[in-house]
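Protein chains: 2
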Amino acid sequence: MSRHPLLDQEARSKVEQIVNGISQAITAHRLAAGGKLPSIRQLAKECGMSPFTVSEAYEQLVQRGWISAKPASGFYVSRRNPPMPRSAPALSLLPLDADRLLTGIYDQDSHGMMAGCGWLPEDWYDEEALIRILRRTAREQTISLRYGQPKGLLALREYLCGQLHDQGMAAGVDQIITTQGATHALELICSVLRVAGQAVLVDDPGYCNLLSSLTYQGCRLHGVTWTEEGPDLTILETLMATHRPRVFFTNPWQQNPTGASYSPRVAHEVLRLAQQYDVMIVEDNVSADLLEVPANTLAAMDGLNRVLYLSSYSKSLSPSLRVGYIAAPLQWAESIMRVKMLHGLTTPVLNEQLVLALCNDGKRKRHNQRLKHNIQDATTKAINYFEMLGWEVFSPTAKGMFIWARPTVSQDSLLRQAQMAGIFLAPGKLFRPDAQETDWLRFNSAYLDNEVFRQFLQGLNQK
Amino acid sequence: MSRHPLLDQEARSKVEQIVNGISQAITAHRLAAGGKLPSIRQLAKECGMSPFTVSEAYEQLVQRGWISAKPASGFYVSRRNPPMPRSAPALSLLPLDADRLLTGIYDQDSHGMMAGCGWLPEDWYDEEALIRILRRTAREQTISLRYGQPKGLLALREYLCGQLHDQGMAAGVDQIITTQGATHALELICSVLRVAGQAVLVDDPGYCNLLSSLTYQGCRLHGVTWTEEGPDLTILETLMATHRPRVFFTNPWQQNPTGASYSPRVAHEVLRLAQQYDVMIVEDNVSADLLEVPANTLAAMDGLNRVLYLSSYSKSLSPSLRVGYIAAPLQWAESIMRVKMLHGLTTPVLNEQLVLALCNDGKRKRHNQRLKHNIQDATTKAINYFEMLGWEVFSPTAKGMFIWARPTVSQDSLLRQAQMAGIFLAPGKLFRPDAQETDWLRFNSAYLDNEVFRQFLQGLNQK
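Going line by line, the protein sequences match chains G and C.
So the first sequence is numbered by my numbering: it starts at 1 and just counts up by one.
So the second sequence is numbered by my numbering: it starts at 464 and just counts up by one.
Be careful, since some hints might not be right.
Listed next, the stretches of chain C that the computed footprint assigns to chain G, with coverage defined by at least 3 CB atoms under 8 Å from CB atoms of chain G [to be verified]: (1) 599 to 613; (2) 666 to 679; (3) 777 to 784; (4) 797 to 806.
Simulated restraints on C-beta separations [as the list claims (entries may be wrong)]: (5) A495/C to N296/G: 38 to 48 Å; (6) L793/C to R272/G: 48 to 58 Å; (7) R406/G to D637/C: 30 to 40 Å; (8) E591/C to R272/G: 55 to 65 Å; (9) D637/C to K363/G: 38 to 48 Å; (10) R272/G to A659/C: 31 to 41 Å.
Negatives, chain G to chain C, calculated, CB over 12 Å [to be verified]: (11) H268; (12) P294; (13) N374; (14) T380; (15) T397.
Quick caveat, the hints were computed from the structure, so don't treat them as lab data.
Beta carbons are placed, not taken as given, at the ideal position from N, Cα and C, and that holds for glycine.
Using the sequences and the accompanying hints, generate a full structural model.
Okay, here's the thing in structure tokens:
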């Protein structure tokens, strides 16, 4: 590939090569104000890059006011330089598909079957328990009208200490900070670790929202390829040695999207490498309450030293309450609390009271067992069905809600047919750093055990 | 002032001059690993800077691992270069006083009388209404167990449209995004405007949490001095012309901390200058529901073109529910929604349902009238009392909860005597960019109308 005049070869990511190259060309008047830019496909071809990379770079340039988009025409150099961001047209900040996964599917009236989404059907949760507890809260008049404590409701943090202690993690009550779910926890951690613009390691494939958020913060993402027993250790060590990242974001247990979990050997080795190369680990255990047996977490093995641990009640109790938490080494917990306050003051007391009451509810244990059983049953059935069709399943022994599978049909064709059938699928590239292409997709087993979906699969046109 | 060898004269803020200068000196081995740095006071004196500036710079250097603090000894160059952030000791990210205001006073069991805090006493809110509505919600079983919509509960946004429309602001339902209060709204706006590291204009004095957050993001803060009728227009124009900021953050109505509001002429001129210099305005109207009559907002005058508007229910209904909102030009609303999702997915549905029900409650109007009357009454009494003592009051006609006053006693002496009496006061420097010293303080009238406080004032030792 020859050196393209619109690329900055010094930049470290492909997106930055384009963004810096084009903004430099505009500053140096090599691109004239009002002039038309190459189309996304054209530049992608010329540079040997993916159209997604070019599209992302163009959107950043639009967002920063260097260029503007004319509908049904193309991209043009802005006439003012550098214009204010308010000149930006209403383009999305993210590649279109990731954007759909980020916001589109949350508009839950706008779609059909959610075979690709990240949460359980509403009626799998215990609505009756929530209503009962709301009624009791109203009756007992134990409602606070004040701000909560900066680290979150003390009684909930005390409960969490007990839970974590039972799992071998000696976290004091001051080491726990409640959040508005796992995604908020990740945002606070990113802010306090000051990852913006830095090289970071992520699972490949990994949690789509985290990847989008890190990209939005200008991070250079290096994906650690997953095997059935967790990250590939050779790749992990090479990336640590080459890029000297300060942090590795990983989701070791019932991983999103593969459904696989770290083996004990991989867990031990990942920690050892993190120590050797002085890398912090952010352990996202969002599905903690859905695991068959509690995981032997990295945070527990590490004694909460270089691991920041986070989890949430969104997957096991209900995503509507928006309660998650972080457990961190004390020095980090103090900083995380401050950033939590700077970014939005305290989390709502009522929601944390309700979550605590749900956790302590007499029927919780049985309901949680049933929930896990339902998920496992649906997952086993779906995996069997996929394998019967000749599809490849990444983790045939997965027991969580996520299945990472490679169909026999081409992905383009599959997505087109699914869209026509009103079925929402999640293409695998959304779970890869820089949205790299892949044949795999993520499925959520909770939505697959029905005749509509099976008939859709049986009737698939293989072309 | 001579050129100090530890300053980088190229850097744009004083804090950056120190941070860059010292890190460069370490990289170039002009400062040896393990060597001791000048004390905060010493360096401040040598450079002619405030100790707060040096303290902030040192804390950033500690946070980034360049230097480390030894208790009761001082600051030392780290032995590893550049070390990982996890080597940082548990220092706060902010000057100590701001930190206390940010987190300390939210630990509400740890202090006495809250004469300096930013919210109303718990028993001024309508607990009875909240309990009644919780009970009804439980009875009617209208509880969602799903994620909310990305922009927030549609019914609440529809209600807000009507409210804003009545105040002359034609915001469509798609232009409104709910948030977890006003501080969260400001964080989302900062992120989407990409202010990190940029020059921004702020009210001087202004909202303490916003100033801390902007400083944490590495912004260069330029304070626009307030008069009794809003920002000083000459200073505003000079700052706009000199620094070409992209955004002015302002709180025009019952301003925190002065209690003053824009005059109609200032409102018009601020908008005109913003147009002339192409500056975005972030209009924080957090006390909207506590105004005597609704304000003629900048957003309404501007037709939601270059103004991003935000408000909250924390001051009028209760801070515990954590519900606020943004109204923005459509193109910005879309981007804000995406950042909201990236940083924490949706806001909790239950809280937005409760707020909507409280807004529509039959007794709301009367309760709100009583609340406003109580505040106004307390403020008038406190202002009279301060003036009787010979204190200067910034806005003698203020009707909101905040009073900005300059005592006859020296501030150091006042703060010391207050601390001994178990009274929490908010020194004025916490509300100034870069925590510049000032003789003024912020008071919250809701906590002042009692014998304990009056006796404290009467008994003040004037030295």
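Hints and how they fare:
1. 599 to 613: n = 12 at 8 Å, threshold three: holds.
2. 666 to 679: Since three or more residues must qualify, the claim that chain G covers the stretch 666 to 679 of chain C holds, with 4 doing so at under 8 Å.
3. 777 to 784: holds (count 4)
4. 797 to 806: holds (count 8)
5. A495/C to N296/G: 38 to 48 Å: Taking Cβ atoms as reference, A495/C and N296/G lie about 44 Å apart, which means the hint holds.
6. L793/C to R272/G: 48 to 58 Å: Taking Cβ atoms as reference, L793/C and R272/G lie about 51 Å apart, which means the hint holds.
7. R406/G to D637/C: 30 to 40 Å: holds (38 Å)
8. E591/C to R272/G: 55 to 65 Å: holds (59 Å)
9. D637/C to K363/G: 38 to 48 Å: Hint holds: Cβ distance 41 Å, inside 38 to 48 Å.
10. R272/G to A659/C: 31 to 41 Å: About 35 Å separates the Cβ atoms of R272/G and A659/C, which means 31 to 41 Å holds.
11. H268: holds (20 Å)
12. P294: Holds: least Cβ distance 24 Å, greater than 12 Å.
13. N374: The claim stands: N374/G keeps its Cβ more than 12 Å from every Cβ of chain C (closest is about 15 Å).
14. T380: Given a closest Cβ separation of 25 Å, the condition holds.
15. T397: holds (29 Å)
Checked against the numbered hints above, the structure violates none of them.
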